[in-house]
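Undergrad: What follows is each chain in one-letter form.
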Amino acid sequence: MSLKISVAAGLLLTTFGVAAQAQSLVYCSEGSPEGFDPALYTSGTTFDASSHPIYDHLTEFKVGTTEVLPGLAESWDVSEDGMTVTFNLRQGVKFHSNDQFTPTRDFNADDVIFSFDRQGNPENPYNSYSGGTWEYYSSMSMPDLVGSIEKVDDYTVKFNLTRPEAPFIANMAMDFASIVSKEYSDAMMEAGTPEMVNQAPIGTGPFTFQAYQKDAVIRYLRNDDYFGDKARVESLIFAITPDASVRYQKVQAGECHVMAYPNPADVQSMKDADDVVVMEQEGLNVGYLAYNTNVAPFDNANVRKALNMAIDKQSIIDVVFQGSGEIAKNPIPPTMWSYNDAIEDDQYDPEAAKAMLEAEGVSDLSMKIWAMPVQRPYNPNARRMAELMQDDMSKIGVNVEIVSYEWGEYLERSKAADRDGAVLLGWTGDNGDPDNFLAVLLGCDGVGNSNRANWCNEEFDALIQKAKVLPTQEERSALYEEAQAIFKDQAPWATIAHSVVYMTMRPEVDGYVVHPLGGHIFNAVGLSE
Amino acid sequence: MLKYTLSRLLTFIPTFIGVTLISFSFIRALPGDPIVVMAGERGLSDERYAELATQYGFDQPIYMQFWDYLTGVLQGDLGTSFVTKRPVWDEFFTLFPATLELSICAMIFAIALGLPAGIIAAVNRGKFLDRALMSTALVGYSMPIFWWALLLIIVFSGNLGWTPVSGRIDLLYYFPNATGFMLIDSVASGQSGAFTSAVRHLLLPTIVLGTIPLAVIARQTRSAMLEVLGEDYIRTARAKGMSPGRINGVHALRNAMIPVITVIGLSVGTLLAGAILTETIFSWPGIGKWMVDSIFRRDYPVVQGGLLLIAVMVMIVNLTVDMLYGVINPKIRKR
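Quick note, the sequences are listed as chains A and B, same order.
So for the first sequence, the numbering used here puts the first residue at 1; every next one is plus one.
So for the second sequence, the numbering used here puts the first residue at 1001; every next one is plus one.
Some hints could be false.
[As the list claims (entries may be wrong)] Residues from chain B shown here face chain A by an in silico Cβ test under 10 Å; the list is partial:
id : residue
1  : Arg1028
2  : Gly1032
3  : Arg1048
4  : Val1314
[Said to hold, decoys possible] Below, simulated DSSO-like cross-link-like pairs (lysine-lysine); rule was C-alpha separation at most 30 Å, straight line:
id : chain 1 : residue 1 : chain 2 : residue 2
5  : A       : Lys214    : B       : Lys1127
6  : A       : Lys415    : B       : Lys1085
7  : B       : Lys1127   : B       : Lys1003
8  : A       : Lys415    : A       : Lys305
9  : A       : Lys94     : B       : Lys1085
[To be verified] A few chain B residues that don't get close to chain A, going by computed Cβ distances all over 12 Å:
id : residue
10 : Leu1095
11 : Ala1098
12 : Met1143
13 : Gly1180
Note that these hints are calculated values from the structure, not bench results.
Each residue gets a CB set at the ideal place from its N, CA and C atoms; glycine is no exception.
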């Protein structure tokens, strides 16, 4: 019995049924899920508790990579023009059962159609259930993209798209595309309790949902009917523990096997400790400083480059990330395909930066830097980062004023076309596709919204638009690499950092893989004796 | 007594309306639009924004929103959380028993130690025992809850391994939460060791949450006792040769209780405030953490509904305290 709790308990208790826990994996999670129907929500905490253990998707990301593999769809065909995608579904896949429901049939095309129709069709009785706003479905542009979904036969589904879109296959592996049971949903609607679909979830995944107590614990049992590799532990328990220091104490005390999101300050001592293992990987994110390229003198690429050269990124990594980050030179992280490693970053050189500004006729420059009020994975302390930049800029004679707003205000105001100042922000990838960074954050369509630099470069935009519709990854990759070169040359942002994701666990945890898309997945994790 | 109770109850109505208005406006006065916060870095289109605003009723004038809220409240409907999409009422009553259980234990702990400490200090006024007890109380009062909790966890759970780090019961035990009070549910489950496990999980949070009220009660008891001990009738009692135990325990203590009970009543508010930090650190599934999360997410229905329910709880406690005054001092209820 690995859990040290039994030692502590032994002081007070004489009998303790510890054997029952031997096959339970306990994960100290950071918060409560908002619910268990992933399509209704957008937070990673919710996806960890729902999409990964309970549900499957038509396609799946290979854990530890952004590679897309077959899931509930055994294979798929994309038409020549890229406008139709046909999925061939797996047969013999069983849905879970619970006290209220036992499935009478296997998974089939009706479940796929229902899973998407409820998100996009206002006539679907489930469209408004649980206050459904289907945020992820909208933010991935699915309402415009999906023209119709057809059932060819019980095990073949055809998606008719309104335009060719290569990332569509990866979108089908995302959490919002979890496949729910139509039969269960219908039964719950008939019983007048549609919200049970969200509260007592039924999926096809490797774990079945057992119980949830808000802010305390979530319990899952292994699904012995799972079509793929069965889970290695009999039960999976999420012990909800919001404080990072307490999570670490629990891992040390043996109350949890695995924890996420350690305090950056604790990482070194964790690495030094004998009784815990720390795994790390660059996160699929980027933190940046976006200039407003609409406003002089930031409309001049040379001025932007000069400012980039004034920023000492290494000290930002050391001070703000406390080492848990990596300098970013491209707008996409190195774990993503098409990352252009040949690009050279703007070197830190205050003297050259100063000369460059003078050459452009810019003197006595004053600017604002916006610092986010919240901690994000790509920027653990924006205020501190802004202060370091302020100091760097003062060395080349640029006077910086730091401004901040409440988070909602910050997001809203930073979109303004005439925004005064450069804004610190970042992005965490959704589907592992470069389009999800380059088009969303730097494309002309994103100006006035997610393109905070208000940067619309025709050459860059043409490349990413073309790449979006090409069929193969190789062809697309070449165009994205070219686009990254234009980005670096034009410098709409100072690329700052990609954070490193840490996972802390006990030595007996076996087979855990850090997933670049951010999910915490325990389907193949076991406990060694 | 009935007239007194009714007059106290009548003051409930304006307070209730005031609290409803304050809880409604408080969260809206904070900068930050819940729809924008929800969308995060991804942002959303103007059309989508408008759609959501209609769905949440933000397109209505503010007085209409208040009217809808107020009529809802009077019908027992506190709205639905923007985040979890579940009724506020359900969420509150799922979480409240945990907070209540912890608060009751913390209060019992604070009174059980604070009252005797105050009496002992008063009786030994100026002596070493008085100084030692009151300095300890001052330290307890000044202790940052967060630091105190982590210190106890590191020492008792980490180094000594005597208590669990956090949670309400060992994960080994699994039974339905019939009442939401773990001490009761664990006994009802009939599983051996469950009750002991629940008690062990309660120890540290109880100490942390009870520390500040303990210090306040000890100091208040001491000063109230000292005041009473200087009264003429105490001197008379002493002159008549009454035993010190009877003088202190019966005549002085009973008369010193009014300010002490006031402080205990007021501490309920402090407990709920302290619960926010204590619950976060000990992963205690109560309403403290729920409220804080909701404020950050601008989850209007939860914040306004939660505040209202908490305010009602505090009002009930204060009403009870007022009733107790009447019981202890008949002069008050006759006024």
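Undergrad: Honestly, which of those hints from before does the structure not fit?
TA: 1, 4, 5, 7, 10, 11 and 13
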